[in-house]
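Colleague: Since each chain comes alone in its own frame, lean on the hints to assemble the complex.
Below are the chains, spelled out letter by letter.
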Amino acid sequence: MLAVTVLSLCIAIVIGVGLYIKASPILHEKSLFNLLGNSHWRPFKGEFGFYPFIMGTLWVTGIAILLSLPVSLLTAIYISEYADKRIRRAVNPMLDILSGIPPVVYGVWGVVVIVPMVADHIAPHFVDFSTGYSVLTGGIVLAIMITPLLISIFDEIFFTVPKELRDASLSLGATQWQTIKFIILRKALPGIVAAVVLAISRAFGETIAVLMVCGNIPIVPKSIFDAGYPLPALIANNYGEMMSMPMYESALMLAALILFVIILFFNAISRVVLIRIEKQFHL
Amino acid sequence: MKKIIEEKVFKVLMIITTLVILSFLFFIFIAILRRGIPAMSWDMISKIPGGGFYIGKEGGLLNAIVGSIYIVLGSTILGMLISIPIVIYINVYLPSRSALASAVRLSFDVLFGVPSIVYGAFGFTIMVFLGLKTSLLGGIIAVSMLIVPILVRSMDEVARVMPRDMLDAAYSLGATKYETIKVVLRQIAPGIATAVMLSIGRAIGDAASVLFTAGYTDSIPTSLNQPAATLPLAIFFQLSSPVEQVQDRAYAAAFILTMIVLALSFGARYFSRKFSKNKI
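First to last, the protein sequences are chains S and W.
Everything in the first sequence is counted per the working numbering, starting at 1 for the first residue and increasing by one.
Everything in the second sequence is counted per the working numbering, starting at 284 for the first residue and increasing by one.
Keep in mind that the hints are not guaranteed to be accurate.
Below, computed lysine to aspartate or glutamate pairings styled on EDC-like, alpha-carbon distance capped at 20 Å [said to hold, decoys possible]:
1) K279(S) - D392(W)
2) K294(W) - D96(S)
3) K294(W) - E81(S)
4) K279(S) - D501(W)
5) K291(W) - D84(S)
6) K181(S) - E164(S)
7) K181(S) - D392(W)
8) K291(W) - E81(S)
9) K294(W) - D84(S)
Taking beta-carbon pairs under 10 Å as the criterion, some of the chain S residues facing chain W (in silico) [to be verified]:
10) V6
11) L35
12) L36
13) G37
14) S72
15) I77
16) M94
17) T175
18) I219
19) V220
20) S223
21) N267
Over the 12 Å line for every Cβ pair with chain S, so calculated as not near, a few chain W residues [what the hints assert, rightly or not]:
22) I299
23) E341
24) G342
25) L345
26) G357
27) I369
28) P446
29) T459
30) L507
By construction, these hints were calculated from the structure, which means they are not laboratory data.
For each residue, glycine too, the CB sits at the ideal point set by N, CA and C.
Isolated chain W, as found in the complex (with noise of 0.2 Å):
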C-alpha cells in the first residue's frame, strides 16, 4: 500500500538525516584532534610566543590560554553581577505574570541573538568614547555584554519554575525579602552553575567580540589596561599563515579550546542533573 511505503521511506530518511548530523559532530572531533594533537606539546602550553615564533621557531600558546581565562574570569564575574539581581528581581519581585517581567524575558530573548561582531563593534564604539585602548578590560566590556542575556536566559528558566509558595513560607516565617533571597539563591545554585558553565563555554570560544577589543599580544597582561591574547584570535591570526609550524600552533590551540568546551559542556549537563534530582 502506498501509504505504508510512504511511511518506510520517510522513516528511514528520518533515521539518516539524524545519523548524517550526529557523525558531523565525530568528523568535526576527528579532524581537530587528527591535526591538534601532533602539534600538541608541553612547550604549547607552558611557554609564551619566544622569538621567531611566526617563522616557526620556539614558543607556545600560554599567552593565549591565560589571556582567554583572564578575559572569562573578569567577565563572568561581571556578568554575574549584572544578571543575578535581574534575575532575582523579576522572579522574586514582580509578580509571576507580570508585564515588565515579560518584557525583560523578551529583550533578553532578542539580545541573545545579536551576534558577537555587533557586541563587538558597539564595545569598541564605548572604548573610543571612554578613551581606552584595546585592552584586557575593553575585551572583558564587549564579552560581558555578550554573555548577560545567556546567564539571565538560563537562570531565568530555573528560577521560573521555582515553586512561589516557598516564598510564602520564607515570608511567613518571618524572613525579610533580603533572607528570602538567600533561600532562592540556594534553590536556583544549580542553575547558577550550569548558567555559568554555558557562559563561560561561549565566551572563551568566542572571536568576534574581543577581535576590537582585546586586541592581541605576545606576553600576558599584568594590568587591565593591557592588550591580552584569547585563544580563538590565535587560532584565527595562525592558521591565516603561510608557515606551517605555525598553522600547525592553529590545530593546537583549536585542540585546546575543543577540549575546554568539551569539559565544559559535561559540567553543565552533570549541574543541571544533578539539580533535577533535587527538584521539589
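Pulled out of the complex, with its shape left as it was, chain S reads as follows (with noise of 0.2 Å):
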C-alpha cells in the first residue's frame, strides 16, 4: 500500500517525463520560442508554428471566463447568502447534473443550438458573414461547462467566511449587499481568484466540446466571430495522421506538454490557496 502511494505521487512526474520525451526531437531541432512564435502550421512542409493554436486558446477562454465568472459569483453569493435551505437543496442537484454531462453533449448541445444562433442571430449584427463555428461559440459553450466548477468553489470559500463579520457589518447597519459587497468579497478574494485559476485551466484543457464548435482553422482569431482552433482540439484532429511523420508527432506531443505543464502548474497554486483558506477555517 505505501508503494501505491508513493507510486502515485510520481504519476505527474511520470507524465511530465513521458510527455518529454516525445517532444524533445521536435525541442532539439527549433527552439521553444521559435515553435511558439512562429504563425504558420505547415506540418508537411516541416513548419510547426504554435501561435494560432495558443491564440485560439487564449480566446475561448477569455470568452468563457468573462462570461461565466459574473454570472456565476451572484449565482454563488444567491445560493450561500440569501436562499433558504430549501431552495439550496433544489438548486445544488440540478448544478451537479449540470457539471456531470459529458463534453461531448456539451459539444453536440453546441452544433444544434448555438452555431445555428451565432451564425443567424448574433454574428449578423456585427459582421457580414459567419458559419457560426466560433471562437464565441466555443467560449460560451465553455462558459457553461465551467460554471457549476465556478459556483461549488465560491460556494465553498464564501461558507468559510466568519459569520462574526456578517454579524458585525449588519449590525452595524450595513444591507446584505453593502456587507457581501465590502466584507465577504473581500475576505473572499484569493479564494475566488484561486477558484477562476482552477476554471481557466479546465477551460485550456477541454478538448472535444471545443472541437466541435470553433471550426479548426490554424488562423489567429481577429474577432470572436472568427473560427480558432486551440491547442488540445489540434492534437485530437491529428492523432490519426501524426504516426505517419516521427516530428509531426512530437509537435503533437509538444503541445500536449505545454497543456500538461501550464495547468499542472495553475492548479498546484490555486489547490495550495484553497486548502490553506480551508485550514484557516478549521482552526
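Modeller: Here's what the structure looks like:
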C-alpha cells in the first residue's frame, strides 16, 4: 500500500517525463521560442508554429471566463447568502447534473443550438458573415461547462467566511449587499482568484466540446466571430495523421506537454491557496 | 434610499442569473430529447452497424454501447484496485496530520485537473512504448488514469470524516490491522459506491482519452487486443457526417449517453444520502 501511494505521487512526474521524451525531437530541431512564436502550421513542409493555436486557446478561454465569472459569482452569492435551505436543496443537485453532462453532449448541443444562434442571430449584427463555428461559440459552450465548477468552489469559499464578520457588518447598519460587497467578497478574494485560475485551467484542457464548435482553422482569430483552433483540438484532430511523420507526432506531443505543464502549474497554485483557506477556517 | 435600491437590484440580478444557469440545464435536455427521441429505435440499441451504415443504411449502435461498457467496467475495476489501497493507506496507516497524506491529497487534487486529452496522449505514448495497438486494453489504461484521481478524492472525502476512535476501538478489541481495514471498508462502503458512480459517469462520457487509445470499430471486441468503439466517439464521428440519417444516430447516441449519465447521477445522490443517515 505504501508502494502504491508513493508511486501515485510520481504519476505527474512520469507523465511529464514521458511527454517530454516524445516531444524532444522537435525541441532539438527548433527552439521553443521559435515554435511558440511562429504562426505557420504546415506539418508537411516541416513548419510547426503553435502561435495560432495558443491564440485560439486564449480567445476561447477568455470569452468563457468573461461570460461565466459574473454569472457564477452572483449565483454563488445568492445560493450561499440569500437562498434558504429549500432552494439550496433544489439547486445543488441541478448544478451537479450540469457538471456531470459529458463534454461531447455539450458539443452536440453547441452544434445544434449555439452554432445556428451565433450564425443567424448574433453575428449578423456585427460582421458580414459567420458560419457560427467560431471562438465565440466555443466560449459560450465552455462558459456553461465551467459554471458549475466555479459556483461550487465559490460556495465553499463563502462558507469559510466567519459568521461574526457578517453579524458585525449588519449590526452597524449595512445592508446585506453592502456586507457582501465590502466584507465577504474582500475576505474571499484570494479564494475567488484561485477558483478562477482553476476554471481557466479546466477551460484550457477541454477538448471535444470545443473541437466540435470552434471551426478548427489554424489562423489567429481577429474577432470573436472568427474560427479558432485551440491546442487540445489540434491534438485530438490529428491523431490519425501523426503516425506517418515522426516530427509531426513530436509536435503534437509538445502541444500536450505545454498543456500539461501550464495546467499542472495553475492547478497546484490554486489548490494550495484553497487548502490554506480551508485550514484557516478549521483552526 | 440608495443602498436599499442597490440591495434590491442586486438581489433581482442574482435570482435572474441563478434561473439562467438552471434554464441552460433544461435547454440542453430539451435539445437532446427533441433530436434524440425521434432517432431512437430498437435497432439502435440491439444491432451493430450493418453494410452501408455510414451512408444511412441499417444498423445500430450496439458496438459503441458494448465498447463503452467494457471500457468502463475494466477501468473501474483497475481504478478501484489502485485507489482503495491509497485511500486506506492515507487514512488508516498514516497519522491524521501526516505530511505524506497531505502531499498525496494535493497531488490527486492536481491530477484531477489534468485534462483527459493529456491522459489520452500519455496513454498513447505508453502503448507505443509497450508495442500495443489501439485496443480495449489501451482504452482501459487511459481511462483508469483519468478516474483514479476522482475515485481517490471522493472516497477520501468520506474516509477522512470517519472517526479515528473507531480504529482505536477495533484495535482495543484485539483486531489486527487487516481486520480493522475490513471495518473501515464497511464504514465507507456507501462512499465507495458514490465514488464509483461519479467515476463511471466521467469515464463513460469522456471522448478525448479513448480517441487515441481505444480507437473505433464497427464490431464488438472479443479480446483486450482489439479496438473498441465508445458512445462519445460514436457521437463525435457521426455528427460530422454530411448524411442526415447518420447525424440522427449521433443524436440517438447522445440521448442514450445522457440518460446513462443522468441515472448514474441520481444513483450517486441516492447512495450519498443513504450514507449520511448511517454516519456516526
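Colleague: All hints, please: hold or fail.
Modeller: Okay, the hints, checked on the actual structure:
1. K279(S) - D392(W): holds (16 Å)
2. K294(W) - D96(S): Answer violated: K294(W) to D96(S) is near 23 Å, above 20 Å.
3. K294(W) - E81(S): holds (10 Å)
4. K279(S) - D501(W): Not satisfied, since the Cα-Cα distance of roughly 52 Å exceeds 20 Å.
5. K291(W) - D84(S): Holds, at roughly 17 Å.
6. K181(S) - E164(S): OK: K181(S) and E164(S) at ~16 Å, within 20 Å.
7. K181(S) - D392(W): Roughly 30 Å separates the two Cα atoms, so the pair is violated.
8. K291(W) - E81(S): holds (14 Å)
9. K294(W) - D84(S): Judged against 20 Å, a Cα distance of about 14 Å means the pair holds.
10. V6: holds (8 Å)
11. L35: violated (17 Å)
12. L36: violated (18 Å)
13. G37: At 23 Å from the nearest chain W Cβ, G37(S) fails the 10 Å test, so the hint is violated.
14. S72: holds (8 Å)
15. I77: holds (6 Å)
16. M94: Since the shortest Cβ distance to chain W is 5 Å, the answer is holds.
17. T175: Hint on T175(S): holds, closest Cβ of chain W at ~4 Å, below 10 Å.
18. I219: I219(S) check fails; min Cβ-Cβ to chain W is 20 Å, beyond 10 Å.
19. V220: Violated, because the Cβ-Cβ distance from V220(S) to chain W comes to roughly 22 Å (cut-off 10 Å).
20. S223: violated (25 Å)
21. N267: Holds: closest Cβ of chain W sits about 4 Å from N267(S), inside 10 Å.
22. I299: Contrary to the label, I299(W) does not stay out of reach of chain S, its closest Cβ about 8 Å off (not over 12 Å).
23. E341: holds (23 Å)
24. G342: The claim stands: G342(W) keeps its Cβ more than 12 Å from every Cβ of chain S (closest is about 20 Å).
25. L345: For L345(W), whose nearest Cβ neighbour in chain S is about 19 Å away, the distance exceeds 12 Å, so it holds.
26. G357: holds (19 Å)
27. I369: Contrary to the label, I369(W) does not stay out of reach of chain S, its closest Cβ about 5 Å off (not over 12 Å).
28. P446: holds (16 Å)
29. T459: holds (15 Å)
30. L507: holds (21 Å)
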